[in-house]
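Colleague: Just so you know, the protein sequences line up as chains A and B, in that order. Mapping of the first sequence onto my numbering: residues 100 to 406, in sequence order. Mapping of the second sequence onto my numbering: residues 100 to 406, in sequence order.
Each hint should be verified, as a subset may be incorrect.
Have a look at the derived ranges for each label pair, beta carbon to beta carbon [unchecked claim]:
{"#": "1", "chain 1": "B", "residue 1": "368", "chain 2": "A", "residue 2": "188", "range": "37 to 45 Å"}
{"#": "2", "chain 1": "B", "residue 1": "368", "chain 2": "A", "residue 2": "402", "range": "48 to 56 Å"}
{"#": "3", "chain 1": "A", "residue 1": "345", "chain 2": "B", "residue 2": "253", "range": "54 to 62 Å"}
{"#": "4", "chain 1": "B", "residue 1": "154", "chain 2": "A", "residue 2": "103", "range": "40 to 48 Å"}
{"#": "5", "chain 1": "B", "residue 1": "156", "chain 2": "A", "residue 2": "138", "range": "51 to 59 Å"}
{"#": "6", "chain 1": "A", "residue 1": "379", "chain 2": "B", "residue 2": "257", "range": "27 to 35 Å"}
{"#": "7", "chain 1": "B", "residue 1": "163", "chain 2": "A", "residue 2": "277", "range": "29 to 37 Å"}
{"#": "8", "chain 1": "B", "residue 1": "302", "chain 2": "A", "residue 2": "140", "range": "40 to 48 Å"}
{"#": "9", "chain 1": "A", "residue 1": "220", "chain 2": "B", "residue 2": "189", "range": "51 to 59 Å"}
{"#": "10", "chain 1": "A", "residue 1": "364", "chain 2": "B", "residue 2": "104", "range": "45 to 53 Å"}
{"#": "11", "chain 1": "A", "residue 1": "372", "chain 2": "B", "residue 2": "255", "range": "27 to 35 Å"}
{"#": "12", "chain 1": "A", "residue 1": "366", "chain 2": "B", "residue 2": "189", "range": "29 to 37 Å"}
The hints are simulated quantities; they were obtained by calculation from the structure and are not laboratory data. Backbone N, C-alpha and C fix where the C-beta goes; we use that ideal spot for every residue, glycine too.
Chain by chain, the residues:
There are 2 protein chains.
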Amino acid sequence: MAFQNIKVAIIGAGTIGLSFAALHLMKNPNCTVTLYDTRPDLKEYMEAKLPQFLVDADVKECTSRVSTTVSMAEAVADANIVQEQGPENACFKRKAWSRIELDAPRDALFWSSTSGIPASEQSMDMEDQTRLVVVHPYNPPHIMPLLEVVPSPSTSQGVIDRTLEYWRSLGRVPVLIRKECTGFVANRLAFALFREACSLVAQGMVGVEDLDAVVQASMGPRWAVAGPFKSYHAGGGEGGLGSFMDKIGGTVQECWNASDEDVKAGGIVVGKKWQEDICRQTEEAYGVVDTAERDLKTKAVLEAVSR
Amino acid sequence: MAFQNIKVAIIGAGTIGLSFAALHLMKNPNCTVTLYDTRPDLKEYMEAKLPQFLVDADVKECTSRVSTTVSMAEAVADANIVQEQGPENACFKRKAWSRIELDAPRDALFWSSTSGIPASEQSMDMEDQTRLVVVHPYNPPHIMPLLEVVPSPSTSQGVIDRTLEYWRSLGRVPVLIRKECTGFVANRLAFALFREACSLVAQGMVGVEDLDAVVQASMGPRWAVAGPFKSYHAGGGEGGLGSFMDKIGGTVQECWNASDEDVKAGGIVVGKKWQEDICRQTEEAYGVVDTAERDLKTKAVLEAVSR
Numbered sequence: 100m101a102f103q104n105i106k107v108a109i110i111g112a113g114t115i116g117l118s119f120a121a122l123h124l125m126k127n128p129n130c131t132v133t134l135y136d137t138r139p140d141l142k143e144y145m146e147a148k149l150p151q152f153l154v155d156a157d158v159k160e161c162t163s164r165v166s167t168t169v170s171m172a173e174a175v176a177d178a179n180i181v182q183e184q185g186p187e188n189a190c191f192k193r194k195a196w197s198r199i200e201l202d203a204p205r206d207a208l209f210w211s212s213t214s215g216i217p218a219s220e221q222s223m224d225m226e227d228q229t230r231l232v233v234v235h236p237y238n239p240p241h242i243m244p245l246l247e248v249v250p251s252p253s254t255s256q257g258v259i260d261r262t263l264e265y266w267r268s269l270g271r272v273p274v275l276i277r278k279e280c281t282g283f284v285a286n287r288l289a290f291a292l293f294r295e296a297c298s299l300v301a302q303g304m305v306g307v308e309d310l311d312a313v314v315q316a317s318m319g320p321r322w323a324v325a326g327p328f329k330s331y332h333a334g335g336g337e338g339g340l341g342s343f344m345d346k347i348g349g350t351v352q353e354c355w356n357a358s359d360e361d362v363k364a365g366g367i368v369v370g371k372k373w374q375e376d377i378c379r380q381t382e383e384a385y386g387v388v389d390t391a392e393r394d395l396k397t398k399a400v401l402e403a404v405s406r
Numbered sequence: 100m101a102f103q104n105i106k107v108a109i110i111g112a113g114t115i116g117l118s119f120a121a122l123h124l125m126k127n128p129n130c131t132v133t134l135y136d137t138r139p140d141l142k143e144y145m146e147a148k149l150p151q152f153l154v155d156a157d158v159k160e161c162t163s164r165v166s167t168t169v170s171m172a173e174a175v176a177d178a179n180i181v182q183e184q185g186p187e188n189a190c191f192k193r194k195a196w197s198r199i200e201l202d203a204p205r206d207a208l209f210w211s212s213t214s215g216i217p218a219s220e221q222s223m224d225m226e227d228q229t230r231l232v233v234v235h236p237y238n239p240p241h242i243m244p245l246l247e248v249v250p251s252p253s254t255s256q257g258v259i260d261r262t263l264e265y266w267r268s269l270g271r272v273p274v275l276i277r278k279e280c281t282g283f284v285a286n287r288l289a290f291a292l293f294r295e296a297c298s299l300v301a302q303g304m305v306g307v308e309d310l311d312a313v314v315q316a317s318m319g320p321r322w323a324v325a326g327p328f329k330s331y332h333a334g335g336g337e338g339g340l341g342s343f344m345d346k347i348g349g350t351v352q353e354c355w356n357a358s359d360e361d362v363k364a365g366g367i368v369v370g371k372k373w374q375e376d377i378c379r380q381t382e383e384a385y386g387v388v389d390t391a392e393r394d395l396k397t398k399a400v401l402e403a404v405s406r
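Chain A extracted, bound-state conformation (with noise of 0.2 Å):
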């Protein structure tokens, strides 16, 4: 394994930061993790709060391999891999990065977990551009297996290859995504589908639980196990996506139109008056989510799926 007793840099000790952190340690069993960020408690903060991220794993053994600095230069000085995910702020970035480029050895992986700068914007102040691309995870990245690797069109080859090879030797599921574009690409799905279900429920077709039970009993379960494509292919029997379109096209498009009409007469814009009363309905609905049992269930999912 071209992987092992390799030496990761996590760049910012946020939820993200951790839970990268904590991944790296439980799926590449002879890695070094070292924490960078600036706070003045990193070590004890780091002690407190990764063994919640480390599950089903030895805590002690991983923490073992765990060690934290104020220092940048430090952190990334011999890492294989630097892995960032500090302030949304584009300008922080490109200025991240133009430093780490300095201080890291010449062949090491740079990996942003932003979910919406591009490399393109975050490199532009690099001496050499094809080091940097984008692996965005779906949250929390210790539990979710997908990471979406976004390269910009500088992005080398080489460095895009390492990236894919290197999660798929701890079992995730990276995808590449061939162009930078707004969202990438599993937040444009979420967000879309999440849009209809504002536009649902401010029409008051269906309440906010009603529709996340409508989700949970259908959907859900339906794409965990084959996705859009795939399902709509299996629902058109012997003659698969081209026999579905062909016989529910029809109802399909009367549907993409009653959403677009809704949209516009509903106005489904952040921040209009249709967002307070979801926002409400969803508080009175759940409170406090229990994100560890979530986490649990979500687990048992994946597991079940791969079985």
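Put chain B on the given structure of chain A with help from the hints.
Modeller: Positioned in the frame of chain A, the structure of chain B alone reads:
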């Protein structure tokens, strides 16, 4: 239990009819099912096909509670529930219900499995329009827990209540949809994501198989456990969905704007050129989908969630 020893008449023995028959037989141990269809080989057909739907059940015992008939009047004569999945044709359904109304007991529940013809339209020729309600499954109903219960404005509260109660007593997830709307709720949500999926593939962001991988490794398993509102509510931390929208709302709106542009520019309209390419890609990726394997995995996912 109010629903023990009941008689269910299944009108139309296609895939959905057989799946519903199997569901009643498996989940309601003392019920009997009468299968009505016009096909002359109905008995042999049922005996050959029904066992495929009786997953993890005593096939012999279940089939011992099924009878077949080519007379609709006979099928409904002493039924407690009449469940219709005939052709998706408003004329057929209007005629069928006005006949069933004459032949079935006064207090029988009348359910249509239609995916698009509302109860208000189907019941137009009925003497008593309060009796009919749509019970729309997510296919196949013997596996998927969701049932969208969609009354017309005339449907009586008693019919709605007994319908919900029956499905809850069988451990399913009936969800009351408050207004008759195009596509009801589940398909509206799924088709909204499907449109975005088609748009992103048509733009070359990602291929069909990789898009499915994105969904299977992220929102599929997540939404199997917690629907979109609950998920984003958790994502907002202590402030819930309101905080989520405060923090991420800008990105959400940017994604919605990008979607609108792409859907318009790409002409994501059913039957246009993009469709052919996506159908071909899907066929190449999957060939014939093993739905039995898919259903077994889906069942395991549902069990993992409910544990």
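Colleague: Against the structure, test the hints numbered earlier, and report the numbers of the ones violated in rising order.
Modeller: 2, 3, 7
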